[in-house]
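Residues per chain, in single letters:
Number of protein chains: 2
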Amino acid sequence: MKIALAGAVWLALAGSAFAAEGMWQPSQLPALKDSLLKAGLELDLKDLTDLTKHPMRAIVGLGGCSAAFVSPNGLVVTNHHCAYGSIQFNSTPERNLLANGFLAKTTADELPSEPTARVYVTESIAEVTDKVLKGISTSITPRERFNQIDAKRKALVTECELDPGHRCDVYTFHGGLSFQLIKQIEIRDVRLVYAPSESIGKYGGDVDNWIWPRHTGDFTFIRAYVGPDGRAREFHKDNVPYQPKDYLKVNPQGLAEGDMVLLAGYPGRTSRKQISSEVRRAAAWAFPTLIREYRAVLELIGAAEKADPAVGLKYASATAGLNNSLKNFEGTLYGFRRAEIVSDRLKAEKALKNWIKADAARVKSYGDVITELELLLEQQSKTQDRDFYYDFPSRVVFQSATGGNTLATTALRPQLLGVAKNLYRLSLERQKPNAERELGYQERDEVRILGGLAIIDRRFDASLDQAIWLYRIGRYHQLDSSQRVPSFDKYFGLVAGQPLPADLATRIRAMYTASTLATADARMALYKAKPQEFQRSSDPFIKLALAVHADDMAMEEARKTLDGRSTLLRSRQMAAEIAFRASRSELVYPDANSSLRVTYGKVTTVNPRDGVSNAAFTTLNGLLEKQTGEEPFNSPAPLLKAIRERRFGPYAAPSLNSVPVNFLADLDITGGNSGSATMNAKGEFVGVVFDGNYEAISSNWAFNTELTRSIHVDVRYMLWIMDAIDGADNLLIEMGVTPAL
Amino acid sequence: MKIALAGAVWLALAGSAFAAEGMWQPSQLPALKDSLLKAGLELDLKDLTDLTKHPMRAIVGLGGCSAAFVSPNGLVVTNHHCAYGSIQFNSTPERNLLANGFLAKTTADELPSEPTARVYVTESIAEVTDKVLKGISTSITPRERFNQIDAKRKALVTECELDPGHRCDVYTFHGGLSFQLIKQIEIRDVRLVYAPSESIGKYGGDVDNWIWPRHTGDFTFIRAYVGPDGRAREFHKDNVPYQPKDYLKVNPQGLAEGDMVLLAGYPGRTSRKQISSEVRRAAAWAFPTLIREYRAVLELIGAAEKADPAVGLKYASATAGLNNSLKNFEGTLYGFRRAEIVSDRLKAEKALKNWIKADAARVKSYGDVITELELLLEQQSKTQDRDFYYDFPSRVVFQSATGGNTLATTALRPQLLGVAKNLYRLSLERQKPNAERELGYQERDEVRILGGLAIIDRRFDASLDQAIWLYRIGRYHQLDSSQRVPSFDKYFGLVAGQPLPADLATRIRAMYTASTLATADARMALYKAKPQEFQRSSDPFIKLALAVHADDMAMEEARKTLDGRSTLLRSRQMAAEIAFRASRSELVYPDANSSLRVTYGKVTTVNPRDGVSNAAFTTLNGLLEKQTGEEPFNSPAPLLKAIRERRFGPYAAPSLNSVPVNFLADLDITGGNSGSATMNAKGEFVGVVFDGNYEAISSNWAFNTELTRSIHVDVRYMLWIMDAIDGADNLLIEMGVTPAL
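Chains as they are written, first to last, in the working numbering: chain A, 1 to 741; chain B, 1 to 741.
Just so you know, these hints were derived from the structure itself, not from any lab.
Keep in mind that this is a model prediction, so the values were computed, not measured.
Misleading hints may appear alongside valid ones.
[Stated by the list, open to error] Computed cross-link-like contacts, DSS-like style, restricted to lysine-lysine with a CA-CA straight-line distance of at most 27 Å:
1) B:347 <-> A:641
2) A:306 <-> B:306
3) B:350 <-> A:641
In isolation and in its complexed conformation, chain A is listed as follows:
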């Protein structure tokens, strides 16, 4: 185990104001000692920093979600929404686990999760900045630098993954200033243990998504299984529960307002270090464009659904995803306005610039960085509309302009063209040694590609797919000649400035009629195909894919060139920022990058708007108030009965005169933190985080101490549900809690 830290950021935090902002690397915690103690920490700081010690050893990732061990027998608690796929996977119309919930009374009753479910236990975090950057000359082009870094990273990963049962990745921090090789045990036999019914676990649904006050029992239990030798392997009947080196002790007393909370998990991506021009672009172009286009596609789906309800079923998940993203985008723009994020960023940037200007050495090191980043942005912006409309979401748009928001993409693009391009690219990449293949097309990615090919049928309607594509071509065609893809224009006879060809719709319809890619067999037949087979294919989508391939590659190449410049500039920007903040005795946490982070703060209220105060805790009363009997406010009858009879047992909070359901804290989280165990000052388990308030959506761009809040399921609600409603006595006992009801 080795946790080191790049750069000179080992500083005591001056003033140590107890601020909740910060997604800290575990290795940064010693520098926050004063702040942590002031916050009330009752753990040994050295333990907290050590991944091999309690409680960090109990924290796990699920790939996109976080979780924690809560028993010596591999029992893991996470969000209901993190295990949703596995609950759905085990549901049938006759045995609907989403609707009815599920409880395995013994381990023998536990059900296999969906095939892609994983539990990742971080085993080591190795500082590899030197290894990655070693020998890279400063005189090469940014593009070449990008390639060399890429190759080094792939080599490190390949070497690390020689240890079976492990997944390794090189993570980039501070935009390329430092790199860490993170090695995780990849537990592949994950089983469903207990899930409350959806009317508890998904209570409030989309209506309450990102809303406080909240009353959602968003928790589920799964269990990690390994082979009898203790090593991770695929599902096998002889597998045994994994014995974690550590687990969190459940504290059934929960928290009170003002108490310290501590949380460790895997936050996905934030954009807090972008320069003000980038934030302005996001506010002025990216989000408004996304909102408009998502709405347009939702309208097309809605029209198709109205004509044929079967289409609605196929696109139900896409619609949910698009609406979810839409609410996110709107919330982000709301936050931009509300918290004046652009002008705040501008102020911070001015302060940095002034600090640089004040010293000749600084000017030499960093004087050009902001200007260079602005020039880069200008260049990226030149083709942003083309990137958006021709090939949305392009990597550039996705990563830089949306701050890492999850985008519901599948329904937005022509799926058969996507398949054709993907399969052809795979065939080309397979010509290279594995280590040299493009990321996403390596051997380790093939299972995922195969799964993607299989699932299309369930989410595809040819007529709607072409309606969406036609719409998107129409948008693309409004671009002037500076943002065109010549081979694409040529293929369809598009001329910038001219009307769309009269036969476009007919030609596109003919492509769908002629193509066989809508059938799984045809797709699978091409999965192992050689490039030559594609070149001989008469499938119209494959022909189009090949026709535009050179342009696609040229655009990818251009993007990579920009990415290379970006990495170089961003790392210099962050070096400046870190040095500047160090001069004020402040510590800089890196933007989220899906690696393990720690955040701490307190249980607290929020005043979200003029005239509104929100309590830190919600109670069972809210379930009675919200009850409509219809989804998503359809609490099960036994739960309503127990509330009316005030059958609270030891789970009520005397100060609330009810059982606390959810609570607010001022923790700094983002997507990926979902399912993170909430710990008290002693590192005991007291809840699960599952959402942020509406005002927190824009916190991907800027954390606002007054407004940004995390939303947690209270441990007392979990235990009450398990005890009073679902009779999960076996699990309570396994976690050391005595059933009382």
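With the hints as your guide, set chain B onto chain A.
Just chain B now, kept in the frame of chain A:
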């Protein structure tokens, strides 16, 4: 001036708990003395009860809205939304007073209001129960009783209106237990003096409608004009400002949380005395049906609008009205659930029943009342679907099942058929002496009818009208044979239980093609027509109107019979209720009926939901927070600038560190109270009421002390807007306020 009170309700209020519930008749106030003093009243109670004294003499009605004189020169303050029609009436594309606001710097600049605008000054309230009921035998049928009462009321009104410049009406209290003849000066020359821009006066629009926290400057000033002799007459250039006998003094200090508030106005209609079965019918049938049907019609309008935007413009006002009602209906159902109104009513009813049962005399007087009302309801319910679908909104549905909610009706029914029926009915009624004509078809109603005929063109689209009618016939046709209109069925060949005739759509389309009623000339030509001319007409809508006339009249007759029974039963129910409550030393206020009422309470917060506390005051901060730059959150730039510069003058409340914008009180109001002046304990003007919170929508059915709140514009916001933004110094000075900014 004579304010008497029917029945034995002159009782001191026991305990005099300071409750905000109660729309009190001014004459009831002496009985509330203890409660009023405890609330903090600093006025002489005798004055408050006397319509000729301060402050009641300053309170006026606008017909559907309330208002108050605030200067000796006839200046009246009310809501922006109450004067909306007049602002719109004076707007042109070149001079858009809605968008830009309006300020007359001198009386010469004041603009005539829309022609139907009125200011009603209540001159006397005469108890006429004895006159109305005198000589009515108890042995006649309820239907005959209804007729006799109707005739007596008309006679009283006719006699009263012999005094020129006055409008008289006999109001029914306690469902027919008592009657009052109310005589009002009808001021017909009303001029627009000052209105802030819509972006202030309608700030928040539909989004914030019924929502707290609120930031709406919903106030406007108008002025009453009369002839030089002081008598009311039509607009005339020689008219002079009316000199009211009293006006409210403006107190620029406003109120603080906990302060007493007093409010007098003209609440329209409430349904708080309906029996539990009636409330259950509203919750289980009326509102769900209304919601479903309003949504269906909105969808038809939406589809038509999509095909032709011009249709959208014609139906913009209908769409707004339908959406507004829809939000109201949904809010009512929410309140029914939330406040458990049905079960509360059941409990209250049981208490009443037990009280009756406990005494033989009571059993004799009231023993059958609830049961009889239930039987009546059962009978009404038998044809409720027919009444709803054939002729929505029937009077029965409108008055009893929706609790007096304003219904947006025009767009819901076939308009040309409505015109045909109305004109034919008018021709028939004109055959009778004026006093015997049906209410709504008397000479005093003709101007209104004429106006209705003129306005249709602006709100009518033949193709959409028939689509809506076809939809409604389809719904009607689903009814079984017990709820049919034979002549209507015969006209279209409808047979209950059979599919709709194949030629129905064609026939209906042909009716629209053949009819001339869509042209104003044709309608006007029939305005004075004799019944014989209708009988000779070949217009298909007139032919249909005549064909179904006998059935329509039979249904009306049946309704009136039920109404007669209802009046009799309801008055006995209320006599029982009043006696019961008197036995507990409690006073009963009558359901609202558009007559002058007083409500009092205090400025207070609300906790609307689990985890949410709302402040009593909003501030200018909220305007910055809500600002999007787009309607309805588009505050004018000078206002935003003044806020950012904290140019608050003397209007800021030190405790809020800002200017208060709106505030909450626990007053008991409903539609019709809009524009009522909010007074402090001394009867000084401190604001204008304009809305209730979402939880207050269902207060038409039951007032909830915890949740029901009224929403007011704070006088300080009004003065600040007038002073800092709009420069209305002339009006400030007229009201005795010194401009400060």
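Against the structure, the hints come out as follows:
1. B:347 <-> A:641: holds, 21 Å
2. A:306 <-> B:306: Given that 27 Å is the threshold and the Cα spacing comes to 15 Å, the pair holds.
3. B:350 <-> A:641: holds, 24 Å
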